[in-house]
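Enquirer: In case you want the letters, here they are:
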Amino acid sequence: MSNKKNTAMTFGSHVKELAKSDFITYGVVIAAFIIVSIFSSSGLLGRKAAGLLVPVCCYIVMALSLNLTVGIMGELSLGHAGFMSVGAFSGVIASMLLGEVIDNNVIRLAVAILVGAFFAAIVGFLIGIPVLRLRGDYLAIVTLAFGEIIKDLINCLVVGIDKNGLHIIFNFKGDKSAADLNLAEGGKAIIKGAQGATGTDKIATFAAGFVLILIALFIIQSLVRSRVGRAIIACRDNRIAAESVGIDVMKYKMFAFVLSAAIAGSAGALYGANYSNLVATKFDFNTSILILVFVVLGGLGNMLGSVIAATVLYILPEALREFANYRMLIYAIVLILVMILTNNPRLVALREKLFSKVSSVFKKGKKKSESEGGK
Amino acid sequence: MTKFIKIIAMIIAIAMVATCLIACGKTEDGNDVANNGESAGNSQTSTFKVGLTGPLTGDYAIYGMAAQRGAEIAFEEINALGGIQFDFRAEDDQGDGEIAVNAYNTLVDWGMQMFVGSVTTGAAIAVSSVAYEDRVFCLTPSASSVDVIDGKDNMYQVCFTDPNQGVASADYMAENTPDAKVAVIYRNDDAYSQGIHDTFVSEAKEKNLSVVYEGTFTKDTATDFSVQINAAKAAGADTVFLPIYYQPASVILDQANKAGYTPTFFGVDGMDGILTMEGFDTKLAEGVMLLTPFAADAKDEKTQNFVKKYNEKYNETPNQFAADGYDAAYILYEAITKGEITSDMSNSDICSKLIETFATLSVDGLTGKGMTWKSTGEVSKAPMAVVIKDGKYVLPENK
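Protein chains in written order, with my numbering: chain A, 1 to 375; chain B, 1 to 399.
Don't take every hint at face value.
Here are the simulated DSSO-like cross-link-like pairs (lysine-lysine), alpha carbons at most 27 Å apart as the crow flies [unchecked claim]: (1) B:K205 / A:K173; (2) B:K374 / A:K188; (3) A:K173 / B:K374.
Reference listing, derived: stretches of chain A covered by chain B, where coverage requires no fewer than 3 residues with Cβ under 8 Å from a Cβ of chain B [said to hold, decoys possible]: (4) 43–56; (5) 177–185; (6) 189–199; (7) 272–283; (8) 311–325.
Calculated from the structure, these hints are not laboratory results. The C-beta atom is built at its ideal place from N, Cα and C for all residues, glycine as well.
Let's have the full structure, built from the sequences with the hints guiding it.
Expert: Have a look at this one:
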């Protein structure tokens, strides 16, 4: 939204304004990392909180990635978990392969994330060719279908390694299993079809998640401020006008879509490296929608909003465990309340009034409020 | 102005996250204090904190709830005996590995000393590797995949492993109906179903049992089986092996009946529960064979007592998962008694003591007499084949 607002401003203040909000976003993320690290090193963090750190990082990166597609590019994608899935499984294979030769977990994780991003980008490109020719609702439905297709394909995947290298079979007819890989002595099946990847090494760390968030933020925010980014935003705001000034809509949309898929793949690779068990059915429609909820509640095009929404909404169901069986009910109610609070015009006006009052306390004299805050 | 608003928003956001995290941290501290106080106060009767994670909500809630209720009944009985006391807490994991790890971590913060879980396979695999690093002893009532116990000395199972079920089913058929032409219909996006299918097919090959058709379905296509049924019929199969849960199995039985196809259906422990399923005509299940460790209408006193209590408390007939949960509680109790374990020991001490004890432990439970364990964590007990007759399980000899 803030981008739409900013296009109305003069160019100089536009860049300044954007740069400022960019640095605030970096600042929040870095401050949050430092605070959590201090808590963690002083032992104040419980097991539950510590266990949530890496998945929170994954979901933040996923939300950022989807925000690039939905908020900046302006197309609704309902199959984003599919890219996460591709990244997760290719990342797991890469890290297990490397595990034979390299002991250093940091390098393994970095390579896994790069491999995950690379394969997700390829899949994003292939899917983008038909999908980006569609518009609006049709595009949304087709991405949903592709998300499901990816899930089913990965369900058929059987992968193993032995001293001869990588063995891959596709179990389309449902009559093959890990035994058909014919692995040599000492070989190990990594992905066993529906049983997923099991017994993989857990090498993800919170620090890696933090770095990944910063990289994703840097890529997306730099993109938005760049020539390419402005072209992408122009395609979103008015496709015909953009075409009339010679912008290749397909090319720029493809660029944004592939980039978004790559970032989602890297998030998936980090996610895959955090658990010893990974199944394709985890990355279903529900997961796609969950991430979409983070993006919508955080604000379309608002990166800081995505970061905060993903963090709070991921922690919320875990924090509500005290309510036992009612927790998912309460979670749903909270979601609805947040939706109302952030979107009801009267409540938004009330909130803005409140904010402007608070800020006027800080800065007396300048009473003129711009009445557009909280973005 | 906007800058100020943004900074305020930022501070609020950080504060929110920080309070969330600190709150989590604090509960741990609080529990630790309570824990210490308890163990200091109860020097004669020691209280153990036992946790369970299972799907208490969502698609698989029926299994998680059953295991939780079964374990609850058992712990209540044990606590009523005096002596060793148990504090039992179940957390919801929705059958998902990621949430299961979160649920497990919550239980660790609570001060859990032993873990009964997870109920479903995928969740159990994810939790088991964390618990292995923590040195927390785990006894899963019903996660049957080998991957759950593979390479982890602290993981034990109450139920059969998937390969065991697949092998036992193939062996049973090879012994009793060696000329059978077998069709297999299984769910290929489910670890449990595929695990049994894989071992069944390889064992069938070894025993020269002919498998004429292998059909698959997924979670999303579990409502129509006409393709698979017709293909099995066309392949001339006279036995249909269904290594699946009972809901899709009930659809298959119904549709096969409508198609006029009447082979012998053969199920595994997931088939248990079909007779108590709401809206299912039990006549359709007539003649279905299944391997199950537990039958709710067994005549022995233990089972009858358990079924009666469960019925009174929850107004339904317990399934195999409830029996597994019940057995898990008693197995822990017996092991603690035998290993002379006290609750003031550290988790890793309890874990190594229990591993030692399990090597020589033998327990009579609802799901098997004289259950013993291999060092891998696999249980040894006799699988029991039953036939459904007049809406009841009977042993095949009495058929």
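Enquirer: Each hint needs a verdict: does it hold in this structure or not?
Expert: Hint check results:
In summary, the hint linking K205 (chain B) to K173 (chain A) is supported, as the alpha carbons are separated by about 18 Å, within the 27 Å threshold. Between K374 (chain B) and K188 (chain A), the direct Cα distance comes to roughly 23 Å. Compliance with the 27 Å bound is thereby established for this hinted pair. A distance of roughly 36 Å separates the Cα atoms of K173 (chain A) and K374 (chain B); the hinted pair therefore is violated under the 27 Å criterion. Residues of the region 43–56 of chain A lying with their CB closer than 8 Å to a CB of chain B number 10, which satisfies the three-residue condition for coverage.
Residue count for the region 177–185 of chain A with a Cβ under 8 Å from a Cβ of chain B: 3. That meets the three needed, and the coverage hint holds. Evaluation of the coverage hint for the region 189–199 of chain A: fulfilled, as 7 residues show C-beta separations to chain B shorter than 8 Å, against a requirement of three. Coverage of the region 272–283 of chain A by chain B holds [criterion: at least 3 residues with CB-CB distance below 8 Å; count 8]. Given a C-beta distance limit of less than 8 Å, the hint that chain B covers the region 311–325 of chain A holds, as 8 residues qualify and 3 suffice.
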